[in-house]
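Visitor: Let's have the full structure, built from the sequences with the hints guiding it.
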Amino acid sequence: MKIAVHFYSYYKDLSGSAETTETLPPGSTIADLLKQLMARFPELGAMQNSTLVAVGVDYQGRGYLLKEGDEVSLFPPVQGG
Amino acid sequence: MKIAVHFYSYYKDLSGSAETTETLPPGSTIADLLKQLMARFPELGAMQNSTLVAVGVDYQGRGYLLKEGDEVSLFPPVQGG
Amino acid sequence: MKYRSSRRCKADDGIHDLRFAIYDLRANALLAPSFTGHVVVKRQLTITLEPIDEAALLTKRKISDDMGAVVRFLGVVRRTEEERTIKAIEYEAFHRMVEHQFKLLFDEMEKSWPIESVRLVHRIGVVRVNEPSLWVEVVAPHRGEAFAACQWLIDELKRVVPIWKKPFA
Amino acid sequence: MKYRSSRRCKADDGIHDLRFAIYDLRANALLAPSFTGHVVVKRQLTITLEPIDEAALLTKRKISDDMGAVVRFLGVVRRTEEERTIKAIEYEAFHRMVEHQFKLLFDEMEKSWPIESVRLVHRIGVVRVNEPSLWVEVVAPHRGEAFAACQWLIDELKRVVPIWKKPFA
Numbered sequence: 001m002k003i004a005v006h007f008y009s010y011y012k013d014l015s016g017s018a019e020t021t022e023t024l025p026p027g028s029t030i031a032d033l034l035k036q037l038m039a040r041f042p043e044l045g046a047m048q049n050s051t052l053v054a055v056g057v058d059y060q061g062r063g064y065l066l067k068e069g070d071e072v073s074l075f076p077p078v079q080g081g
Numbered sequence: 001m002k003i004a005v006h007f008y009s010y011y012k013d014l015s016g017s018a019e020t021t022e023t024l025p026p027g028s029t030i031a032d033l034l035k036q037l038m039a040r041f042p043e044l045g046a047m048q049n050s051t052l053v054a055v056g057v058d059y060q061g062r063g064y065l066l067k068e069g070d071e072v073s074l075f076p077p078v079q080g081g
Numbered sequence: 001m002k003y004r005s006s007r008r009c010k011a012d013d014g015i016h017d018l019r020f021a022i023y024d025l026r027a028n029a030l031l032a033p034s035f036t037g038h039v040v041v042k043r044q045l046t047i048t049l050e051p052i053d054e055a056a057l058l059t060k061r062k063i064s065d066d067m068g069a070v071v072r073f074l075g076v077v078r079r080t081e082e083e084r085t086i087k088a089i090e091y092e093a094f095h096r097m098v099e100h101q102f103k104l105l106f107d108e109m110e111k112s113w114p115i116e117s118v119r120l121v122h123r124i125g126v127v128r129v130n131e132p133s134l135w136v137e138v139v140a141p142h143r144g145e146a147f148a149a150c151q152w153l154i155d156e157l158k159r160v161v162p163i164w165k166k167p168f169a
Numbered sequence: 001m002k003y004r005s006s007r008r009c010k011a012d013d014g015i016h017d018l019r020f021a022i023y024d025l026r027a028n029a030l031l032a033p034s035f036t037g038h039v040v041v042k043r044q045l046t047i048t049l050e051p052i053d054e055a056a057l058l059t060k061r062k063i064s065d066d067m068g069a070v071v072r073f074l075g076v077v078r079r080t081e082e083e084r085t086i087k088a089i090e091y092e093a094f095h096r097m098v099e100h101q102f103k104l105l106f107d108e109m110e111k112s113w114p115i116e117s118v119r120l121v122h123r124i125g126v127v128r129v130n131e132p133s134l135w136v137e138v139v140a141p142h143r144g145e146a147f148a149a150c151q152w153l154i155d156e157l158k159r160v161v162p163i164w165k166k167p168f169a
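Chains as they are written, first to last, in the working numbering: chain R, 1 to 81; chain D, 1 to 81; chain P, 1 to 169; chain S, 1 to 169.
Just so you know, these hints were derived from the structure itself, not from any lab. Just so we're clear, the structure is a prediction, and the values are computed from it rather than from any experiment. Some hints here could point you the wrong way.
[Said to hold, decoys possible] Stretches of chain S that chain P covers, calculated by requiring three or more beta carbons in the stretch to come under 8 Å of a beta carbon on chain P: (1) 60-71; (2) 75-82.
[Unchecked claim] The calculated SDA-like cross-link candidates involving lysine to any residue, where the alpha carbons are at most 20 Å apart (straight line), are: (3) P/K103 x R/D58; (4) P/K165 x P/I86; (5) P/K165 x R/S50; (6) P/K165 x R/A18; (7) S/K87 x P/D65; (8) S/K42 x S/L57; (9) P/K87 x S/D65; (10) D/K12 x S/G125; (11) S/K165 x D/S50; (12) R/K2 x R/Q79; (13) S/K158 x D/Q79; (14) P/K165 x R/D13; (15) P/K87 x R/Q79.
Every residue gets a Cβ at the ideal spot worked out from N, C-alpha and C, and that includes glycine.
Guide: Now the structure itself:
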């Protein structure tokens, strides 16, 4: 299945792009997606533990089961206000 | 010695006046003044424990030693804001 | 300043604006005697590239006769950010998620405190030092709940609302 | 309404207005990195029979580039006072003592938090339901200290400042 991935804040700079698409086998979790992304964008690796992950507009944990069509967003800790 | 006493808030209504003067022997404390005032204004008696006492513009406790010329103010708990 | 083109997003009078809420037990413990169990909580969220106009905001909200406390907070860009001197901060937002996360926070506020109104304006794009980036207002019957709700909202905003800073020296 | 004739008392730009303060150790623990050990804390106390004009208050205070947080509180007369419906509250003040007690509170605030400015307006005389009787503003480098100082000031005001309420049905 194909998963659209969006980067925000300095993750955009680190990855060199605002979005990408990953192909994953069915049954993959966010943890699997992150592993695959870190291999492709080693610059993001150091950030892995503090990375926030949303599917659509809701936060999801590493165990979330991805499904076709999910839009995943990755970003560093938020800093609004 | 003569001590000027001012009443605020509903103490004015209870005592029927905004101020009075009490004559006390030297060495008297605020506790002595209150005892004398309660005898003269029994309406204030029930309030005795919650009565706040200031000499000039500072709060003073019951043991404060009064001196000639002190201006004492008696009032109920404050309610500003 | 490459995020400068972020689209303007105004949620005023939109999805978050007016709805009913039934207070839960926690909220009821705090209620004023005249509280009837549910109220209309006015909500307004504004994410904008424009400067925050406090004077205009003040003219736009009347409070009801049962409200005794209004707490307002203004967050202003400081000259120092992580011990460096800066000229401005650029705020970037993931807009759709910002709106959704604020909706969740407003829902939670309604359940936790008997507030009548909450308004929040967050400026995005470039905000210079000494200019406000955030304005929050909470209206409630008593000051304790107004302060608590306002501080909670700001703390949560800084925890979950996807907005990021980029300082400019 | 027999207290209506209370004199007008304005302490603006008067005794409380501007002075130096050396922060104690407790305050220093909270200080921003750029803090130099003493600052001019702007103080303004207004006790007035006039309605509180928020818009005018907002135009009168600039904050410095090191300040990141402004907390404002508005206390409004509610329709119910001790479960009775009222039309207004009349506030009576022991003016000289009010000014002195606020000075002591402002001194204590300066020692406890690194605030840049505190302004407080208390209306006295008859204040009708839905009208503000109290306006407070605290400016500080960070929101934690601004909220804490503002709440502390209001709590203390309600404990020690000789102002009393008389509700009118």
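Visitor: Hints first: check each against the structure and report whether it holds.
Guide: Here's how the hints hold up against the structure:
Given as covered by chain P, the segment 60-71 of chain S passes the check, having 9 residues with a CB less than 8 Å from a CB of that chain where 3 are the minimum. With 6 residues having a beta carbon nearer than 8 Å to a beta carbon of chain P, the segment 75-82 of chain S meets the requirement of three or more and the stated coverage holds. For the given pair, P/K103 sits about 12 Å from R/D58 by alpha-carbon distance, which is consistent with the 20 Å threshold. Pair hint P/K165 plus P/I86 holds up; C-alpha atoms about 12 Å apart against a cutoff of 20 Å.
Restraint check for P/K165 and R/S50: satisfied, since their Cα atoms lie roughly 16 Å apart, inside the 20 Å limit. Proposed proximity of P/K165 and R/A18 is supported: the alpha carbons are some 17 Å apart, at most 20 Å. Between S/K87 and P/D65, the direct Cα distance comes to roughly 10 Å. Compliance with the 20 Å bound is thereby established for this hinted pair. With a C-alpha separation of about 14 Å, the suggested pair S/K42 and S/L57 falls inside the 20 Å cut-off, and the hint holds.
Between P/K87 and S/D65, the direct Cα distance comes to roughly 10 Å. Compliance with the 20 Å bound is thereby established for this hinted pair. For the given pair, D/K12 sits about 17 Å from S/G125 by alpha-carbon distance, which is consistent with the 20 Å threshold. For the hint pairing S/K165 with D/S50, the CA-to-CA distance comes to about 16 Å; that is within 20 Å, so the pair holds. Between R/K2 and R/Q79, the direct Cα distance comes to roughly 30 Å. Violation of the 20 Å bound is thereby established for this hinted pair.
Annotation: proposed proximity of S/K158 to D/Q79 holds, straight-line Cα distance about 6 Å (limit 20 Å). The straight-line distance between the Cα atoms of P/K165 and R/D13 is roughly 14 Å, inside the 20 Å bound, and the hint therefore holds. Distance check on the hinted pair: P/K87 and R/Q79 sit about 18 Å apart at the alpha-carbon level, within 20 Å; holds.
Of the hints listed earlier, the one the structure fails to meet is number 12.
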